[in-house]
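Colleague: Chain by chain, the residues run as shown.
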Amino acid sequence: DAKTTQPPSMDCAEGRAANLPCNHSTISGNEYVYWYRQIHSQGPQYIIHGLKNNETNEMASLIITEDRKSSTLILPHATLRDTAVYYCIVRVDRGSNYKLTFGKGTLLTVNP
Amino acid sequence: DTAVSQTPKYLVTQMGNDKSIKCEQNLGHDTMYWYKQDSKKFLKIMFSYNNKELIINETVPNRFSPKSPDKAHLNLHINSLELGDSAVYFCASSHSGGYTFGSGTRLTVV
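From first to last, the protein sequence lines are chains H and D. Here the first sequence is numbered in this note's numbering, starting from 1 and rising by one per residue. Here the second sequence is numbered in this note's numbering, starting from 1001 and rising by one per residue.
With the rest of the complex left out, here is chain H (with noise of 0.2 angstroms):
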């Protein structure tokens, strides 16, 4: 799988927008872009995941770029409750037996 790079820690007042940046440049062409989140003390979420089309959900938005190169997570109206560490994982979709490959990710904290 490619491997991914994310900044550390990112902080936004509650109420704003989240962007939440990911490089892959090494990503190949049929590599899907995952993001997760661990809030503290409890079990990886799924968020959102896309190819290369941007990708919308309840909860969050996925924009990639055209040369899929690298991707932004928008949580549009963040609230206390994303505080949380954002993993950005490139994988392969291989069906169910693929691993998912966790990097350090990128701690967010919402602010009041």
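Do not rely on the hints blindly, as some may be mistaken.
Dumping the calculated DSS-like pairs for lysine-lysine here, alpha-carbon to alpha-carbon at most 30 angstroms [to be verified]:
#, chain 1, residue 1, chain 2, residue 2
1, D, K1067, H, K69
2, D, K1040, H, K3
3, D, K1036, H, K3
4, D, K1041, H, K69
5, D, K1067, D, K1019
6, H, K52, D, K1009
7, H, K104, D, K1036
Part of the chain H face toward chain D, derived, beta carbon under 8 angstroms [what the hints assert, rightly or not]:
#, residue
8, I39
9, H40
10, Q42
11, G43
12, P44
13, Y46
14, K99
15, F102
These are computed hints drawn from the structure, not numbers from a lab. A virtual CB, placed ideally from N, CA and C, is assigned to each residue, including glycine.
On the provided structure of chain H, position chain D as indicated by the hints.
Modeller: Frame of chain H; chain D shown alone:
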């Protein structure tokens, strides 16, 4: 209903003991995993089972023995516990795409 449930949530035990952590998923997923998160918060995969068959074993010491009686269960048995085994252990399952994780078992070896 909890999708991926682990028991116990907390486990404190002495060095040298043998202990088990249980995991069950009610999502109908074919693949289950064990991850370890150490004190530095790195999440590392340990094992993966698909339909009761071992798929991934990430050079984990053989004191750790996963057992999958059916595809809804993946238990982790640990022999001769050591201080370095203290960590949070997460069970997860997947079918395709996203993983669903349990809430973790905090193991403390004293």
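Colleague: Answer holds if the nearest beta-carbon of chain D is closer than 8 angstroms to that of H:Y46; otherwise answer violated.
Modeller: 4 angstroms, holds
Colleague: Does the alpha-carbon distance linking H:K104 and D:K1036 stay inside the 30 angstroms limit?
Modeller: 14 angstroms, holds
Colleague: Taking only the CA atoms, is the gap from D:K1067 to H:K69 under or equal to 30 angstroms?
Modeller: 40 angstroms, violated
Colleague: Verify the proposed pairing of D:K1041 with H:K69, using a straight-line Cα cut of 30 angstroms.
Modeller: 27 angstroms, holds
Colleague: Does the nearest C-beta of chain D fall within a distance shorter than 8 angstroms of the C-beta of H:P44?
Modeller: This hint holds: H:P44 lies near chain D, its Cβ roughly 5 angstroms from the closest one there, short of 8 angstroms.
Colleague: Is D:K1067 within 30 angstroms of D:K1019, Cα to Cα?
Modeller: Satisfied, since the Cα-Cα distance of roughly 13 angstroms is no more than 30 angstroms.
Colleague: Does H:G43 meet its interface restraint, that is, does its C-beta lie within less than 8 angstroms of any C-beta in chain D?
Modeller: 3 angstroms, holds
Colleague: Let me know if the C-beta of H:K99 comes in closer than 8 angstroms to any C-beta of chain D, holds or violated.
Modeller: Check passed: Cβ of H:K99 comes within 5 angstroms of chain D, closer than 8 angstroms.
Colleague: Taking the closest Cβ pair, is H:I39 under 8 angstroms from chain D?
Modeller: With Cβ-Cβ at 11 angstroms, over 8 angstroms, it is violated.
Colleague: For the restraint on H:F102, tell me whether the closest CB of chain D is nearer than 8 angstroms.
Modeller: Where the cut-off is 8 angstroms and the nearest Cβ of chain D is about 4 angstroms from H:F102, the hint holds.
Colleague: Taken at face value, is the distance from the CA of H:K3 to the CA of D:K1036 at most 30 angstroms?
Modeller: 20 angstroms, holds
Colleague: Was the hint right that H:H40 lines chain D, CB cutoff 8 angstroms?
Modeller: 10 angstroms, violated
When held up to the earlier numbered hints, the structure conflicts with 1, 6, 8 and 9 and fits the remainder.
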